[in-house]
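Enquirer: This is what each chain is made of:
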Amino acid sequence: MTQGESLVRAVEAVLFAAETPLTIHDIRLHVGTQADVGGALAMLLERYAGRGIELVERGGRWHFQTAADLAHLLRRDREETRRLSRAGIETLAIIAYHEPVSRAEIEAIRGVQVAKGTLDVLLEAGWIRPAGRREVPGRPLTYATTAGFLSHFGLATRRDLPGLDDLRAAGLLDPIDLAFENAVEKDDDSD
Amino acid sequence: MTQGESLVRAVEAVLFAAETPLTIHDIRLHVGTQADVGGALAMLLERYAGRGIELVERGGRWHFQTAADLAHLLRRDREETRRLSRAGIETLAIIAYHEPVSRAEIEAIRGVQVAKGTLDVLLEAGWIRPAGRREVPGRPLTYATTAGFLSHFGLATRRDLPGLDDLRAAGLLDPIDLAFENAVEKDDDSD
Amino acid sequence: MTAADPDTLTLDLDGWEGPLDLLLALARNQKVDLKVISILALVEQYLAFLDQARSLKLEVAADYLVMAAWLAYLKSALLLPRNPEETPSPEDMALRLQRRLERLNAMREAGARLVARDRLGRDVFLRGTPEGLRTVRHATWEAEIYDLIAAYGRISARSRPVMHVVAHRDVMTLDEALARVSELIGMRVDWATIESLVPSSAIGDYRKSAVASSFVAVLELAKQGRAELRQVSPFAPLYVRAAS
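Protein chains in written order, with the working numbering: chain A, 173 to 363; chain C, 173 to 363; chain F, 69 to 312.
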């Protein structure tokens with residue numbers, strides 16, 4: 173087991189070498205199962221505050237990343253992340269703010285069918301995952317966001333979603349009344 | 173052009189995100205052609221001295237790396253217990269009863285080809301060892317069991333292995349059993 | 069409320085993501101908070117928009133028409149004297165439609181805010197060349213002494229010399245058949261079936277063996293040029309006679 177300053181160094185090195193964000197449990201596997209990793213992370217957070225490299229926590233997993241305000245220096249030569257379609261962005265937002273949510277519920281909010289490719293793109297990006305079936309007739313599959321979603325969009329937890337509290341207070345995240353939505357438009361051709 | 177502390181931050185971020193070690197010229201392409209990159213690097217060298225991450229220069233190119241003394245943390249050993257396959261146990265038995273024995277002889281006794289992987293597993297387990305070449309055409313390598321083999325199987329010497337008469341008395345030479353075994357699995361020597 | 073000016077709204081319905089999207093765009097044109105939007109005005113704009121499309125003989129997708137029909141119904145319900153029996157009330161339906169637009173609008177804005185965040189790989193970056201963490205797996209192999217002994221027993225049983233004894237031996241050998249057939253066809257002038265060359269005393273397994281051996285013998289004699297064979301069709305009786 174590593175302690176004090178040498179533990180801080182060890183955690184720093186492990187996070188620095190890691191190819192993916194790590195949980196405290198992951199870090200312990202390398203620096204010792206009894207180590208005060210939380211304390212070391214707090215120390216590192218402080219040390220890196222305001223620097224060109226930052227330590228961040230995303231969905232319980234930790235990683236170093238470049239400071240956001242330096243984006244303009246780093247964008248050179250990097251291929252732009254694939255642009256999400258408008259449907260993709262809306263679908264992702266609906267999943268993030270309502271999760272777990274079924275495809276029918278997403279369709280009810282958007283008022284149009286979710287094209288096949290839309291969910292595929294989000295699944296492939298590793299931003300959403302199947303989150304079990306809802307115990308209602310038809311047992312529809314639901315979707316929720318992933319830790320990768322939090323990392324990508326720089327959210328420590330889902331509670332950091334912009335405007336989440338206001339939307340909730342305004343009742344705009346209440347469960348979707350599928351019965352009513354279906355009464356409005358009974359359309360629903362197959363895609 | 174970036175200056176002072178903000179230049180240090182910029183150089184730090186650029187080196188962190190870089191996919192290859194960078195020359196001062198490379199760094200200037202990101203942070204400004206007139207920037208005092210040398211000065212910023214000197215500052216970073218000092219800051220990272222003794223930390224879990226080090227800034228190093230190799231042949232005029234700069235990069236971050238984890239501190240050399242912490243390399244052992246990046247590697248984690250894990251033990252996994254695995255059962256020997258049927259081909260493995262048969263091959264081991266033949267070597268134990270007939271040592272030293274060549275691969276061709278093992279195949280002749282088993283009546284099935286012995287995959288290279290099978291011998292590799294037994295070597296890795298530390299139960300067999302190469303035991304010299306036989307002075308016949310082709311000079312085939314022979315194998316014999318090791319002290320590790322004896323201790324794993326709780327044998328004082330190889331002579332403690334039951335002989336054919338013992339096997340027959342124990343019902344282990346029962347041809348019905350054989351017919352059944354053959355019916356159940358044809359050839360599992362693909363491991 | 070002049071927002072329904074068709075010139076400001078393209079009539080190309082492909083540009084809209086369905087009726088709700090169109091309604092939301094119309095609602096935003098009212099330039100008021102969605103919470104206090106006039107549903108009645110909105111309904112009129114939507115219906116006017118579709119009328120315009122149809123007067124231009126544009127094809128309007130079915131879901132737009134379904135929404136139009138529902139909105140026309142809502143409009144009349146809102147305007148006509150209220151029937152207290154009716155549930156949900158028209159006001160309730162209008163409120164729900166308004167909430168629905170609000171929710172879609174909220175999600176649209178949330179999505180826009182989400183993608184504008186500092187995103188990993190676009191605005192902020194992970195380390196370019198991480199050394200990587202390695203998990204080195206060591207296999208410890210396991211086997212019991214019983215497995216070892218049983219395996220050897222199995223191999224020994226498999227490779228033990230086995231003597232085969234055929235207990236029942238009721239056959240006519242090929243040599244016998246050859247001698248017999250060549251003698252018989254030498255004595256006959258006419259075609260003879262194979263069966264007629266088999267001893268009439270032969271029965272059961274011995275007869276089968278005799279037929280098989282005689283057939284092979286006939287083939288052998290034909291090959292040597294000492295016999296001729298004739299068969300009119302597959303599976304028809306096979307005739308044999310001495311070569312002339």
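Simulated from the structure, these hints should not be mistaken for lab results.
Some hints here could point you the wrong way.
Claimed, not checked - Which chain A residues face chain C? A few, computed with CB under 7 Å, are given here:
no., residue
1, Leu179
2, Arg181
3, Glu184
4, Val186
5, Phe188
6, Ala189
7, Thr192
8, Thr195
9, Ile196
10, Gly224
11, Ile225
12, Ala240
13, Arg247
Said to hold, decoys possible - What follows is a list of derived Cβ distance ranges for each label pair:
no., chain 1, residue 1, chain 2, residue 2, range
14, F, Glu199, A, Gln206, 55 to 65 Å
15, A, Arg340, F, Leu108, 27 to 37 Å
16, F, Lys103, A, Gly204, 25 to 35 Å
17, F, Asp186, A, Gly289, 45 to 55 Å
Said to hold, decoys possible - Keeping only pairs whose Cα atoms sit at most 20 Å apart, straight-line, the calculated DMTMM-like set for lysine to aspartate or glutamate is:
no., chain 1, residue 1, chain 2, residue 2
18, C, Lys288, C, Glu277
19, F, Lys103, F, Asp119
20, F, Lys103, A, Asp338
21, A, Lys288, F, Glu85
22, F, Lys103, A, Asp337
Bear in mind that the values here come from a model prediction, so they are computed numbers and not experimental data.
Heads up, the beta-carbon is just placed ideally off N, CA and C, and yes, glycines get one too.
Enquirer: Of all the hints given earlier, name the ones this structure violates by number, lowest first.
Expert: 1, 7, 8, 9, 12, 13, 14, 16, 17, 19
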